[in-house]
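Assemble the whole structure, with the sequences as input and the hints as a guide.
The chain contents come next:
2 protein chains.
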Amino acid sequence: MGELQQYVQKIGRRAREASRFLARTSTAKKDDALRFMASEIAKNEDVLLAANARDVARARQDNLEEALIDRLSLTPINIKGMIEGLEQIADLPDPIGEIDGLHYRPTGIQVGRMRVPLGVIGIIYESRPNVTADAAGLCLKAGNSAILRGGSEAIHSNQAIAACVKEGLKRAGLPEDAVQVIDVVDREVVSHLVKMTEFVDVIVPRGGKGLIEMISRESAIPVIKHLHGVCHVYIDAFADIDKAVQIADNAKTQRYGTCNTMESLLVHTSVAGDVLKKLAPIYLAKQVELRGDKRACSLVPAMTQASQEDWVTEYLAPILSIKVVDSLDEAIDHINAFGSHHTDAIVTDHFGHAQRFLTEVDSSSVMVNASTRFADGFEYGLGAEIGISTDKIHARGPVGLEGLTSQKYIVIGDGHIRG
Amino acid sequence: MGELQQYVQKIGRRAREASRFLARTSTAKKDDALRFMASEIAKNEDVLLAANARDVARARQDNLEEALIDRLSLTPINIKGMIEGLEQIADLPDPIGEIDGLHYRPTGIQVGRMRVPLGVIGIIYESRPNVTADAAGLCLKAGNSAILRGGSEAIHSNQAIAACVKEGLKRAGLPEDAVQVIDVVDREVVSHLVKMTEFVDVIVPRGGKGLIEMISRESAIPVIKHLHGVCHVYIDAFADIDKAVQIADNAKTQRYGTCNTMESLLVHTSVAGDVLKKLAPIYLAKQVELRGDKRACSLVPAMTQASQEDWVTEYLAPILSIKVVDSLDEAIDHINAFGSHHTDAIVTDHFGHAQRFLTEVDSSSVMVNASTRFADGFEYGLGAEIGISTDKIHARGPVGLEGLTSQKYIVIGDGHIRG
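Going down the list, the protein sequences come from chains A and B.
When you line the first sequence up against our numbering, it's residues 189 to 607, in that order.
When you line the second sequence up against our numbering, it's residues 189 to 607, in that order.
Note that these hints are calculated values from the structure, not bench results.
It cannot be assumed that every hint is accurate.
Where chains are identical, the list cannot tell them apart; a pair therefore holds if satisfied intra-copy or between any two copies.
Taking lysine to aspartate or glutamate pairs in the DMTMM-like style, the calculated list, with each CA pair at most 20 Å apart, reads [said to hold, decoys possible]:
1. Lys217 - Glu364
2. Lys397 - Asp514
3. Lys482 - Glu573
4. Lys217 - Glu567
5. Lys397 - Glu386
6. Lys474 - Asp279
7. Lys217 - Glu548
8. Lys383 - Glu401
9. Lys383 - Glu406
10. Lys397 - Glu502
11. Lys397 - Glu253
12. Lys431 - Asp602
13. Lys231 - Glu275
Next up, the structure:
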């Protein structure tokens, strides 16, 4: 076993040990630790800003692109966000220990399910240093140890935040190994981390699609992953046109770079003329580039012809593809075939169409008469999210505390034996 | 792409297509299909027995071991079991479409979760031909397409059962591709199947540990797996001795070859003398070989010294390892360190000890004053099980219909946009 692998194994063994302690730690103690972490971050704002300045200076020196430097930069507002985030997590109800459906069986035993931590969670992320505090806080509240591996470009910021997190754990009397930050830059540590099945229960990669695909391929540990969002709004023949226009505008233009932004608009042929007459000027005024199929192009002269590629593309930019469809079936088929199973919405006043869309569209969030931009852990009331899962297994859609837990069966008898 | 890969891809594409149909199929229609499958099997009992006789004759010719031939053999009783199994699945409530926790958010949108099929499930199994009917039935009821790949030794039996299944689907007006049986013997098809992430959502291997480990290593698709059961009973200082003896006897000797059979007995030092004085003669009368640590050996002369290997071994045989421990903590630590996180029980009358055991033992089933032999989908009231998961992700413990489903978020608005 190489030196790096030994190092990662040591971290894993410590994390597993700490996780046994956390699994039996009281809610009050976990919440204390979260609030102490928040107060340590508040107390050390200057230290955090200075550490971050080093990372940013280095990034500029290395000519990293501006968007990345933007994500990397900590400001007093970001720091306030981290503090509030940790305090919000402390305020959330503790999911651990909750017992569901305990009932008597004909044999006389009682059977139910108890919510328990997953154990050890590995978080692999890029750029944004605030993930260090957010992820550590969520994992801790759900009773899990966390092993955090941030981007090398954010190393000083992450270490400074980790120091506050560890101080918070210490002040609450919790093991410091409950949150460990890997600060070895060598990429090889990630390869070891995602293969350490005996010490890590789940891997959560956060970052670009490239990172996530690479981790998924490499990992021997289950991965909760968010790939990409090719989200649709379908404006049905029975849509209220004003609401449709409002939703299609909001879903595209409220923010361009988020995964729940609409990338493809489908419009029923019977309302396409009315809808696009109102929508096109709104988009064009906001400088959204429109790419349509033949029929859409014929309705809006300022539209260019969409290629096959457009229907599967997550633009994350002021570009929108538009397709005119002949039926609800065609819309559902298109979304299931070309979408990314992230978030899709129908605008309709037809009850049966709404029901069919909800049932048949195979996405992590399916909406009726609402903007796709609502697909978010905070909007859903999860309190916080570790990410949005585009998988169907374990956790689907925004993943909050519950996604970081598991349920085990509990059985209670009084000397019962099987006959 | 090779010929075999093309063949598997074609099966995958058809399964995906059928799964879209099943996702919107009514409960009544699915139940009809299940009952038609059962009646086809009843009608074709002679055909099934003849097909099975061919497999068994071939197995004998190939000198397969007797235990395997036993698992392979169909009898009128097995066939009755398949028929009743399918009818029972038809009687179970349909999990699909169930909406959980729909509630209003401050923004005015309603958010909830809808239970939906996973999509396409690949089942890879050995020997037992009844899995063909059981697995097909469970997948169908949960709205999933199934791709079944049984052992080559059972090929004629599996084909005969599959013909009944397909006829049942047809009679109910469901696509025959909802259940497909791969009857190419070449092992390479499995390698293609477990890598077809675009068409298969989850893989369920059923068989020996070797098969399951191999599939898990090879699969690019999430696997619901049952590895092995190194199950414990811990007899606490505060145990009722009579109940303890009864449970420890039942957990070991009711059946030797099942995964929920106790393989290791832990006894608190303060009751070890009393307990073993009563238990040892029971085990010895049933010819159970006893292997103990030093202290256990000093109490029972007929015991041999256990090796380190014994504490992690699933015997599946009349052998039991016995260890005397000094505390509840030592018992919990031993179980978490040496067990397989399957099923573990405590016998105690001490409330706090029971609570701690339930909370701190990290196993898929944790029991108080009951025999580990209860860990089973039927005993838990799931109606049927596709297997017992020793994973923590997605499904843990006995996996029934719910484990073959997922929950998606649904959002209902009335023109709501994000501010």
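Checked hints:
1. Lys217 - Glu364: within (14 Å within a copy, 56 Å between copies)
2. Lys397 - Asp514: neither (33 Å within a copy, 52 Å between copies)
3. Lys482 - Glu573: neither (40 Å within a copy, 51 Å between copies)
4. Lys217 - Glu567: Neither: 28 Å inside a copy, 37 Å across copies.
5. Lys397 - Glu386: between (27 Å within a copy, 17 Å between copies)
6. Lys474 - Asp279: Answer is neither: 40 Å inside a copy and 56 Å across each miss the 20 Å cutoff.
7. Lys217 - Glu548: between (44 Å within a copy, 17 Å between copies)
8. Lys383 - Glu401: Answer is both: 15 Å inside a copy and 15 Å across each meet the 20 Å cutoff.
9. Lys383 - Glu406: both (8 Å within a copy, 14 Å between copies)
10. Lys397 - Glu502: within (11 Å within a copy, 42 Å between copies)
11. Lys397 - Glu253: within (17 Å within a copy, 50 Å between copies)
12. Lys431 - Asp602: Close across copies (8 Å), not inside one copy (60 Å); limit 20 Å.
13. Lys231 - Glu275: within (15 Å within a copy, 65 Å between copies)
The structure does not agree with the numbered hints 2, 3, 4, 6 stated previously, though it agrees with the rest.
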